[in-house]
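Student: Protein chains in written order, with numbering that gives the first Met the number 0: chain A, 0 to 313; chain B, 0 to 239.
Mixed in with the good hints, there may be bad ones.
[Claimed, not checked] Here are the simulated SDA-like cross-link-like pairs (lysine to any residue), alpha carbons at most 20 Å apart as the crow flies:
#1 Lys134/A x Phe15/B
#2 Lys236/B x Thr7/A
#3 Lys74/A x Val126/B
#4 Lys75/B x Gly55/A
#5 Lys252/A x Arg230/A
#6 Lys232/A x Gly260/A
#7 Lys252/A x Leu306/A
#8 Lys75/B x Arg65/A
#9 Lys75/B x Gly260/A
#10 Lys105/A x Lys75/B
#11 Lys8/B x Val288/A
#12 Lys126/A x Phe15/B
#13 Lys175/A x Pro150/A
#14 Lys236/B x Lys126/A
#15 Lys241/A x Arg199/A
#16 Lys179/A x Val288/A
[To be verified] Here are some chain A residues the structure puts well away from chain B; computed CB gaps all over 12 Å:
#17 Thr40
#18 Lys44
#19 Lys74
#20 Pro79
#21 Phe96
#22 Thr97
#23 Asn128
#24 Asp256
No lab work stands behind these hints: they were computed from the structure.
Just so it is clear, CB atoms sit at the ideal spot from N, CA and C, and this is done for glycine as well.
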Amino acid sequence: MITVKDVTKRFGETIAVNRVSFKVAPGEILGFLGPNGAGKTTTMKIITCYLEPDYGTVKIGDLNIRDNSLEIRRKIGYLPENTPLYMDMGVVDYLLFTAELRHIPKSKIIPRVRDMVEICSLEREIKKNIGELSKGYRQRVALAQCLIHDPDILILDEPTSGLDPNQIMEIRELIKKIGKKKTIILCTHILPEVTTTCTRAIIIHNGRLVADGTTEELVERSRGRTVYYVRIKGPKEIVQSKLQELISIESLKLLDDSKDGYCRFEIQAPKDKDPSEDIFNLAVKNNWVITELSQERASLEDIFRELTTSTLKE
Amino acid sequence: MYNTIVMLKKEFRSYFNTPLAYVFLVAFLVISQWLVMRGYFLRGQADLRTFFSLVPVIFILFIPAITMRLWAEEQKQGTIETLMTSPVRDMEVILGKFLGGWIFMGLAILSTIALPLVTKWTAAPEVGIDKGPVIGGYIGLFLMGGAYLAIGLFASSLIDSQIAAWIIGTCICFFLFMIGDPFGLFSLPQPLVPLFQYLSLSRHFENIARGVLDIRDILYYFSMIFFFLYLNACILKTRR
Chain A
0 MITVKDVTKR
10 FGETIAVNRV
20 SFKVAPGEIL
30 GFLGPNGAGK
40 TTTMKIITCY
50 LEPDYGTVKI
60 GDLNIRDNSL
70 EIRRKIGYLP
80 ENTPLYMDMG
90 VVDYLLFTAE
100 LRHIPKSKII
110 PRVRDMVEIC
120 SLEREIKKNI
130 GELSKGYRQR
140 VALAQCLIHD
150 PDILILDEPT
160 SGLDPNQIME
170 IRELIKKIGK
180 KKTIILCTHI
190 LPEVTTTCTR
200 AIIIHNGRLV
210 ADGTTEELVE
220 RSRGRTVYYV
230 RIKGPKEIVQ
240 SKLQELISIE
250 SLKLLDDSKD
260 GYCRFEIQAP
270 KDKDPSEDIF
280 NLAVKNNWVI
290 TELSQERASL
300 EDIFRELTTS
310 TLKE
Chain B
0 MYNTIVMLKK
10 EFRSYFNTPL
20 AYVFLVAFLV
30 ISQWLVMRGY
40 FLRGQADLRT
50 FFSLVPVIFI
60 LFIPAITMRL
70 WAEEQKQGTI
80 ETLMTSPVRD
90 MEVILGKFLG
100 GWIFMGLAIL
110 STIALPLVTK
120 WTAAPEVGID
130 KGPVIGGYIG
140 LFLMGGAYLA
150 IGLFASSLID
160 SQIAAWIIGT
170 CICFFLFMIG
180 DPFGLFSLPQ
190 PLVPLFQYLS
200 LSRHFENIAR
210 GVLDIRDILY
220 YFSMIFFFLY
230 LNACILKTRR
């Protein structure tokens, strides 16, 4: 559906996007990740035909951004970062204006605006000017703006930034609901958003693509080891030395030992070994009590940090 | 064309969404009418010569105030992103913004209609007033204002600060207004004088305001308008 190939964009001396290539299949919800200033927004601006790349192309189906800019724009709904809106316009006026600008046939404009008001639950604030709305409602108006022409492709640049947790949930639900029939690129640096809503993710850093895959694949690829926490009641020294003997444990750290006889350890295990069974058996054999045995899997956060804090070697 | 009309409607209405339109109209009327009327009865001439010599100068300050917001605000607020990712050509948007402003300005010019009526009433009944210069003057104002408007719109596309856009617009308008002034032409090398006279916004206005509607003057204003709208499109293109 969307093919980005070798896209490069410079602003003066800095290269904002450097030979980025990826594909998005129809119906996919792609998470586009990266720290602030990594080139996410620039890439989105290129796909939406706001900026022209210095090099490389973007294709939507058979259409090329250089030759078929207007046709491509018709297919895309774009929610820019920081939800820019005309503050002195009324909500309805604004939606009518975008509907006209998006070439919705005259007879369908009113029903379409009504649909948008319903989908984005704008009924309560319908009579206000956009400038008087709260951040959450502005976000909904902006979302209505990008959905109004029922585009095949949605490009959402940080749709939940600046919202409170309830609003974030609402917007995510909405994205999921709409996303069933559409191809979506969701640009964000909030990782749980990707884990909960996206089918695939790519990570960009310093203008370059550093990872591409489903969220599970990305986590899998992480070099980090799995970490376990265990809390055992027993003589501290013996417990520690016995645990250390287990082959499935790479390293062991005593976190705290309280006076009631419990001690808590942080255990690092090799990637493909799970020491929990061994630990349990050991405790049973020695008649120790276990009150905690938990595993902390490497998450998307870990791989994100790993890929985007390391300075890239050329 | 459809897109241009959509933009035109939106821009024209947005003047009235804020107090800007009302403040502008009131200020323009009060200032221009007062400056004209204070000497009207002393001169004892039932014509609008003062009006048509003052308004082009007042417009240098007032017209860029209409246009300063048009691109600068879009850039500052970021709304330019949603606008320019809509299926519209740059020139359609520029034309829409320009025409919206032109109609608004036409409204401002029309609101001075009391003046010609006053001259008509105060003129000696047996002499009446010379209609040619009045009609010509109004057409000239409209055309000249259009050129100012195109310049102001271009200035607004250069920068995302409204005040800076206003100052730049005013400076360009003033420059193009005064280069035809005999006072400045005096010091120029002889071969350049006709060129400067031709480029000057005020020279062509003087012709029309005399009641002489020459196709060359009209063409001049339209080419000025299209030149600056084209420059505006170039600026938008370099931003891409």
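Student: Among the hints numbered above, which are violated by the structure, and what are their numbers in rising order?
Tutor: Per hint list: 1, 3, 4, 7, 8, 9, 10, 11, 14, 15, 16, 17, 18, 19, 20, 21, 22 and 23 violated.
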